[in-house]
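Number of protein chains: 2
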Amino acid sequence: MRLSHFHLHTSKETPAEAEIISHKLMLKAGMIRKLAAGLYTWSPLGLRVLRKVERAVREEMNAAGAIEVLMPAVQPKELWEETGRWEKFGGQLLKIKDRKEAWYCFGPTHEEVITDFARNELASYKQLPVNFYQIQTKFRDEIRPRFGVMRAREFLMKDAYSFHVTDADLGREYQNMYDTYGRIFTRLGLKFRAVFADTGAIGGSASHEFHVLADSGEDAIAFSDGSDYAANVELAEAVSPGPRAAASEELRKVDTPTQKTCEDVAALMGIALTRTVKSIAIVGSDADGKPQFALALVRGDHAVNEIKLSKLTGLAEYRLATEAEIVEHLGAQPGFLGPVKPVKNVRVIADRSVAAMADFVVGANENGYHLAGVNWGRDLAEPAEVADIRNAVAGDPSPDGQGRLGIARGIEVGHVFQLGRKYAEAMKLTVLDDTGKATTPAMGCYGIGVSRIVAAAIEQNHDDAGIAWPEAMAPWQAVVCVINPKNDPAVAEAALALYQDLVKAGVDAALDDRGLRPGAMFADIELIGVPHRVVVSERGLAAGSFEYRHRRASEAENLDRGAVLARIGGLSQ
Amino acid sequence: MRLSHFHLHTSKETPAEAEIISHKLMLKAGMIRKLAAGLYTWSPLGLRVLRKVERAVREEMNAAGAIEVLMPAVQPKELWEETGRWEKFGGQLLKIKDRKEAWYCFGPTHEEVITDFARNELASYKQLPVNFYQIQTKFRDEIRPRFGVMRAREFLMKDAYSFHVTDADLGREYQNMYDTYGRIFTRLGLKFRAVFADTGAIGGSASHEFHVLADSGEDAIAFSDGSDYAANVELAEAVSPGPRAAASEELRKVDTPTQKTCEDVAALMGIALTRTVKSIAIVGSDADGKPQFALALVRGDHAVNEIKLSKLTGLAEYRLATEAEIVEHLGAQPGFLGPVKPVKNVRVIADRSVAAMADFVVGANENGYHLAGVNWGRDLAEPAEVADIRNAVAGDPSPDGQGRLGIARGIEVGHVFQLGRKYAEAMKLTVLDDTGKATTPAMGCYGIGVSRIVAAAIEQNHDDAGIAWPEAMAPWQAVVCVINPKNDPAVAEAALALYQDLVKAGVDAALDDRGLRPGAMFADIELIGVPHRVVVSERGLAAGSFEYRHRRASEAENLDRGAVLARIGGLSQ
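First to last, the protein sequences are chains P and W. For any residue, its number in this note's numbering is found by taking its place in the first sequence, counting from 1, and adding 56. For any residue, its number in this note's numbering is found by taking its place in the second sequence, counting from 1, and adding 56.
Just chain P, same shape as in the assembly (with noise of 0.2 angstroms):
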């Protein structure tokens, strides 16, 4: 491609409406236009990045034996009415109305369209197992679509669904899917992580998330130094640090007037955060149903988990406790409180970390008062419920037993997701299996956003000069430059051997031959993120050189043809 004949087309100033950096440097790099809330036109440059990100999809899911279908983006209501999604999935489902009044919706996914095609296409269990997908257009309504392509209302994504008559099947085909995502990320060159996730109320059996991490990312993620777990902070297990130690301090009542805080009473008293513990007053229900108050214990330097929290037994619906409840039941008031002597019909729950604790502080249950020195099973008794109730944090043992959790933030920009029999039950879909019964298949679904992709990987991989695209995504691999070609004829023709000879060599290159001046034409290639540059000038050709830069080094060298061929093709194996 010469760049004189593509449209090209940056942006020195920063947009004032985008709020988080891929935005930014894409509308600055020219590679989207907004049309209108949440809508987006792909230019040219935008185009050849997304076209390869869906080029590495389609031959990773043709590899995996999945096969390519292309569904309608018009879906009627009627198959929505069949499982109920079309009063149940809210207002992301654009709802059109066609001349003859009748209703359909922008499919914001397919579930109901493919398993209508599955039950006119699939009859016998030796069709099975069968995955289809298609990289196609979707559309969501989003109350606020904002960060440009990150969260647009159309966009693009690919979507597979597969279909199993045993369970162990859709196992398989998960496991085949979730190696396939791996794949798909590894070979886009960007770092990820597969994350465990809450299946939620769809209630399928196995559900992760994969996310490129970036630290602008929305979601937190738990992820071991040791072995492949990862989860969302929220839903990652929190282990036991370790074993309780012994006991070597007395217990002793410390004076903390105004001291109501975990990081307060630790600073007065200069001991570590990690001494101290939380006391959080909520009140759940009994066997009976009554409402029962309770002690959540977690240590200072943790947060309680509300989501498993709410997973005990009579805490599904949980909430804070009052003041006049803590008064009532703890005799002191927030700020003050503690598992010791509690008063009566407390219910006390320690977080795994709390009950391996030892001389910790907490509240006395008297305003103006902590107890220190505080160890289980002498100044109270052994904690009675013991359970997982907190995020997890960096540093913790992973929970599969094998190295230590960091946390980092992460995009989510693919999901793969056992469905079970909900939407073929919901349909009819019945296939005959080998005893020729009717049997309901399981089914699997698994999305990459395509369009999203883009976004996420700009946020792992920029700086202050703009993109830095990992080789295959980018919009080209390697772009020859070339300075003042009016004045010397051999320069410009030495940048076009150098140009068709890399072409020849199946690099994806391009000839910046727009005759620019050098600082705004390597602004332009910095900003648009080509891995490779190569500056053909008189100066160079004289002393028989390019100066090749690569967009991740801080310098650029000077090498002969032979190395600048040698260094880009190696690269781009």
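Hints in this document: simulated from the structure, not taken from any laboratory. Mixed in with the good hints, there may be bad ones.
The list cannot tell twin chains apart, which means a pair is met if one copy fits it or any two copies do.
Claimed, not checked - Here are the computed lysine-lysine pairs in the DSS-like style, where the Cα-Cα straight-line distance is at most 30 angstroms:
no., residue 1, residue 2
1, K484, K182
2, K156, K80
3, K90, K493
4, K133, K156
Using the hints provided, position chain W relative to the given structure of chain P.
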């Protein structure tokens, strides 16, 4: 591709709902599956064909210098109001209200969006000429969607839009796209014609439709056997058949008591229909806007062309005359009318062919009688008004003076159009010209119905056994069929080896290892239209040969391995 791992799902039944052969065959072959009225899912088989068309279109557009973009399907109402098309476009525009009660449409075309894109992207003449295209899903809310993907509501289209400072530049790009379309349809292996088209109300200065020729086509096309000339029959100029012969008969009155049509009169008199003249009584308006009675004369075997007639002075809104008006002006009833001695105030318009006739037959303006041996200048005045007012017919001289016209039926699959400045003006798109002055660019637009091409190709290429794809559109170029692989492992091995050789040679091949009986297998492969079929059987292997058959050949041949490879490779060039 091994068919045992591909979801091929043909049907023996002929679908009752399909009216045309392409729709029938696409359903029988399992290429598409109906989701709702005018909405189709492309199965794995159908999508393979669709993608081949898409790829050919994309590669040729790129080679022609057009640059690919991707615009949203959903478009805001505001843009359509700028051009006035929100109301004018009519019922085909699928209007959508989002959750914030803002109006959008599912784009049936993208003139508004690309012009909006251009007014943000294009600032200077230096960026022009430029031609942006996309291959994208469109929606037109047809009143009566039918014929499968031939007239679906949701469909895949390639639409391109070019921008130019001068009309001359537009003309050059128009010719470039015209030539590119020719290359695309030639590459796809389709018989087609570029047809001069009416620019209709949009009023561009040039427009051609590209038609795939097929007996079932909706449009009749007149084309020259001696040049590239082609036009819709209704638009093709009908030239005079040649100089008028000298009069050789006497004027005489013929008794035609019940013969009111040219056909009946010619039959009664035992003469050719080409000797008779039809007189059509119409009412237009005179120079003062008052109703003016007129006779339009065409040869008995010709049909009046209403479009051409309406372009004559005073006939823009002409209507057929009532019987009372006819009796008032001509003194006779319909069926016996003619131009000889019209009673009063009758405008006579003779088609060019009529003006060239001698010794012809017309109504006598007397009930029950016709006149024969009529000659211009002797029995009535030379025609005062001679014009082209009929449809062209087969055998007419071509209007460009080269060859004679034939008539074929066609299916419109492409359209190139000089839009001029209509959209740019409405949406205030300007660029600075080389003098620094703001100027409004001229635009061209160029569409191809990508999904429609698939159906049109089948209309042109089929037989009793099914589809007979042109090589470039076939789901696979070649299929290797294995007969009874379980009887003899050597057969399965030889088939696999042959299949792999074909793939290595760059042939898009499939291996039919589904284990079907030969009859069912061959019927499938013929139905889905694969050009090259090779059968590997125990008997063949014993004789050192494979059974080869081209889809269009009447018989199979036994060839050795080398000959098979040469045959398929050679044809697949």
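- Query: Are there hints from earlier that the structure breaks, and if so, what are their numbers?
  - Reply: none
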